[in-house]
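A.B. asks: Taken in order, these protein sequences are the chains called S and D. Position 135 of the first sequence, counting from 1, maps to 135 under full-length UniProt numbering, and the rest follow consecutively. Position 385 of the second sequence, counting from 1, maps to 385 under full-length UniProt numbering, and the rest follow consecutively.
Read the hints as simulated data drawn from the structure, not as lab findings. Backbone N, C-alpha and C define an ideal beta-carbon position, used for all residues, glycine too. Be aware that one or more of the hints could be misleading.
[To be verified] Only part of the chain S face toward chain D is listed, based on derived beta-carbon distances under 8 Å:
(1) 66
(2) 85
(3) 117
[Unchecked claim] Partial list, derived from the structure: chain S residues whose beta carbon lies under 8 Å from chain D:
(4) 73
(5) 77
(6) 81
(7) 104
(8) 109
(9) 113
[To be verified] If you want the ones that stay clear, here's a sample from chain D, every Cβ over 12 Å from chain S, calculated:
(10) 4
(11) 7
(12) 47
(13) 81
(14) 103
(15) 151
(16) 223
(17) 253
(18) 283
(19) 302
(20) 355
(21) 408
(22) 425
(23) 483
Next come the chains, spelled out residue by residue.
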Amino acid sequence: MTTGTGPALRAVGLTRTYGAGESLVRAVDHVDLEVPAGQTLAVTGPSGCGKSTLLQLLGGLDRPTGGEVWLGGDRIDHLGERALARLRRRSVGFVFQAYHLMHELSAAQNIELPALLAGASPRTARDRAAGLLDRVGLADRARHLPSELSGGQRQRVAIARALVNDPLVVLADEPTGNLDTAATHDILRLFGELRAAGQTLVMVTHDERVAATADRILSLRDGTVADDTRPAAGAGLGAMLAWKD
Amino acid sequence: MGQLLAAWRLIRRDLRRHPGETLLFLLAVTVAATALTLGVATDDAVTTAYAKTRAATAGPDILMTTTDPDPADYVERLRRIPEVRAVGGPFFAYDTTVGAHGRSVHAGAEGRDGTRPAVDRPLVTSGGWVRPGGVVVERGFARELEVRVGDRVTVGGREMPVVGTAISAATGVYPWSDRAQGPGPSDWGGMVWLTDEDARALAGDDPGVRLIQVKLADPDATDGFGDRLRERGVVPDGWFNVLRWQNILRTDTAMIQGTRPTLVVGGTLLAVAAIVTLTALAVGRTARDNRRAALLKVVGAGPGTITAGLLAQYLLLTVLATALGLTAGTLAAPHFVDPSDGLLNTASAPAPGTVLSALALAAAVAGTGAIGPALRATRFSTVHALADPAHLLTHHPRLNAVTAYLPTSLLLGVRLLARRPGRAVLAGAGAAATAAMITALLAWYTALAAAPDALRFGPLEVRTDRTGQTLLAVTLTLVALSTLNTVLLGWSTAVQARRALTISRTLGATPGQVVTALCVAQLLPAVPGVAVGMPAGLGLYWLFGETYTPPASWLLAAAAGILAAVAALTALPAWVHSRSPAAGVLHSES
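Could you put the whole structure together from the sequences, leaning on the hints where they help?
C.D. replies: Encoded structure:
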C-alpha cells in the first residue's frame, strides 16, 4: 500500500469499462474527485450513468480499468483481494439499497460480524454492537433476524454494521431506495447525525431531495462528471428536516 | 478468537436454517462412508475372523483324517518330527445325522473327553462342554438348526439335550464342517461333539474315522507336509487325508463368494448415488454460498477467511458423517461378510487403512464443496455476486432454432436440459447406477431359478440366502438413495428454472406443459442412463457370477419402471412450483 496524506477519498482519472471494441461501455470515464474528511457527498444522475460503479470503485469492491483511487492517503486501486479485504474491514463501511444483511444472523450479530472479522474480541464486538443499536434506535430489536425487521429497521442495522469498525468513510448506495417516506426520514436523520459527528459519507441517490441534504452534489452523466455543486444555504440537514412532511 | 466465533455463528445458523439439506448431506456421506467401509471390510474379513478363531481355539495347522482304527503309532512318530510342535488326538468321529424341529441334517459327530488337548480346543460360546448324554453343537450349525442350549436334538436317532455350542478352527464353517467323512465323495454337513464313550456307542458298527490335529513350528510351512510324511514313512500308504489350515480358510471364504462382489460393486454404485446426492446439494448451495461469500467480502472478510469458513462447515459435516459411516459399516460388516456364526465375528475397530480411506473421502467431499464458492469469491466481482447469485446461463442459438419446431413441453424441456448439462449428467449417472443394480438383482434371480436344487435347497441354501439378502439390501438402499436424488434434482431444477418457466406461463404455457417440460428435462438424461446401466449391470453380474440374462420382458419392465418413477418423482416438485401465481414469482425474482 502506498502511503501519503490528503483528503479522505481521492480519485484520479478513474475509469471502468466493460466489453471491448464496438460493444465497449464506459461505465465510469476519467472521473477526478476529492472528498475531504467529514464531508457528505451525494452522487446523483440518471439510471445507468455510473453512480453505483463509481461507489464500488471507491470502496474497493470493483477494480478500475484505469486511474487511481486513494483512501485516507493510501492508494488502493492496485491492491490484491486480501489487502482490499483488510481495507474494507478497517476503513470502509458499506450501506446498500438491498441491505445485504446475513439472513441467518440476528441484528446484533450482523453488526458484530465486521468487528469480529477485524480481530475484535467477542466482548468488544458485543459492546460496540449494543452501543450502535442504541444509537440507531433498535436496542430492543437486537435479537431479531433481518426477516423480522421492517425495511427501515434493516437499513438502520446496515448503517450500524457499516459504522462498527469506526471507518474512515461510509459509502451508501441508494440507502433510501427501498424505503417509504417515514423510513427515509429516519435514515437521513441518522446520516445527519453522522455528518455532525464528522463522518465522511458518500451516498449514491437518484432522489434529488435526498441529495439536497448533502454538503456537496456530484452529478454524473454517461460515466463523466456533469456537475459538481454545493446546495444553497438552508439545504443540508436543515433541508432534510424541512422535507420531513 | 473473534473470527472463530464469527465462523461458528455462520456455520451454526446455516445448519439450523437448512436442516433438511444438512440431513441429506449427512445421509449421503454416511452412505458413501458405510459402503466404503463394507467394501474394504470384505477384503480380509474372513481371514481376520478365521485367524481370531484359530488363536482362540488353538486351531491346527494340519488336520489329518484316517480310517485306521488305531493310529497311536503314527501319532508318536508325528510327535518326533522336528517341524511338528504339538499333536492333538487321535479323536474318534463318525458320520451321522442330527435332527431338530422336524429336520434331519448330515453331520459329523466327534468324541471328546474332559482333557484339554494341545491342539484344537473348541471354544464354548454358550452352555458347557460335553458331558455324558449331552451334545455340543457347532455354533453355525446350531443357528441353522435353530437350536439353543437346553433344546433337544437327535443324534443318529437318539434324542439328546444340547448342553452347549462351540466354535472350532479345525473345520470349515457350516455346511462344510462335517470332518468325519471317510473315503469317497464327501457331503455337506454340520458338526457336533459328544463324549468319546457316547460317540462310540452311537456309532455302533460304524468304524468311523480318527482325527489327528497337528501344530507346526512354522504354521506357514504346510505346503507338501502330507507328501513329506509319506516319503519319510511316518504314515502308511492307506487312506490318510491331510487338510491344511489354508484349505479350511479357502472353504470359509467360499461362503461369501456371492456377497463379496455384491458389496464391492454395490458399494461402488452406492458411492456413485451418494456423489450424485452431494453434487445435487452442492449445485443447490452454490448460489447461496456465492452470495454469502460476497456478503462476507463486503464486511471485510478476505479469501482466506471465506475459504476457511466454508471448509470448516463442510468438514464439520463430513467428519461427522464419516464417523457415522465408519461406525455403521463396522457394525454391519459382520452381518454381511462373516461367513457364518462358526467363526468369531469381525466387529472390531476399523483398520487404519479403512479410516484413512474414509477420511480421504471426507476431505475430498469437503474440499469439493468449499473450493468452488471460495474460488469464485476470489476471482469474481463482489458486486456481481451480490446482484445475482451467479446463474451461468448458456446460449444455444442452434438448439433454440431446432427446438422451435417441437411441441411446447418438449421445447421447454430440451432447453432446460441444455442450460444445465451438469445436472443432466447427474440424472443420467443416478439412473445408470440404479438400472445396473436392479439388472444385477434380476440376473441373480434368473440364475437362481435355473440353479440346481442343491444350491437352492439343503445345506448350501445358507450361502444362497446370504447372497440374495445382501443383494436385495444393497439394491433397496440404492433405490432409496436414487429416489431421493430424483426428487432433489427435480426440485432444484424447478427452483432454478422458476423464473424462466413463469415467463413461459405468462406467454401462454399451461401449468401442465410446464410440469411436463420439467419431467422431460429429467427423463431425457435418464433414458441413456438406463440404456447404459442395464448392460453394465449385466456385465458386472457376468463378471462376478454366471452368464445368465434375465428375460427381455423383465428388463423392459424394469426400464419402464425406472423411467416412470423418475417422471413421477419429478412431477411432484414441478407441480408444486407451477401452482404459484406467475405475478408473485416474477415479483419475488426481480
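A.B. asks: Does each hint fit the structure? Answer for all of them.
C.D. replies: We went through each hint and held it up to the structure:
no., hint, verdict
1, 66, "17 Å, violated"
2, 85, "3 Å, holds"
3, 117, "5 Å, holds"
4, 73, "20 Å, violated"
5, 77, "15 Å, violated"
6, 81, "5 Å, holds"
7, 104, "4 Å, holds"
8, 109, "6 Å, holds"
9, 113, "6 Å, holds"
10, 4, "9 Å, violated"
11, 7, "9 Å, violated"
12, 47, "50 Å, holds"
13, 81, "76 Å, holds"
14, 103, "63 Å, holds"
15, 151, "61 Å, holds"
16, 223, "66 Å, holds"
17, 253, "53 Å, holds"
18, 283, "20 Å, holds"
19, 302, "3 Å, violated"
20, 355, "33 Å, holds"
21, 408, "33 Å, holds"
22, 425, "31 Å, holds"
23, 483, "30 Å, holds"
Figure legend: structure checked against the earlier numbered hints; hints not met, in rising order: 1, 4, 5, 10, 11, 19.
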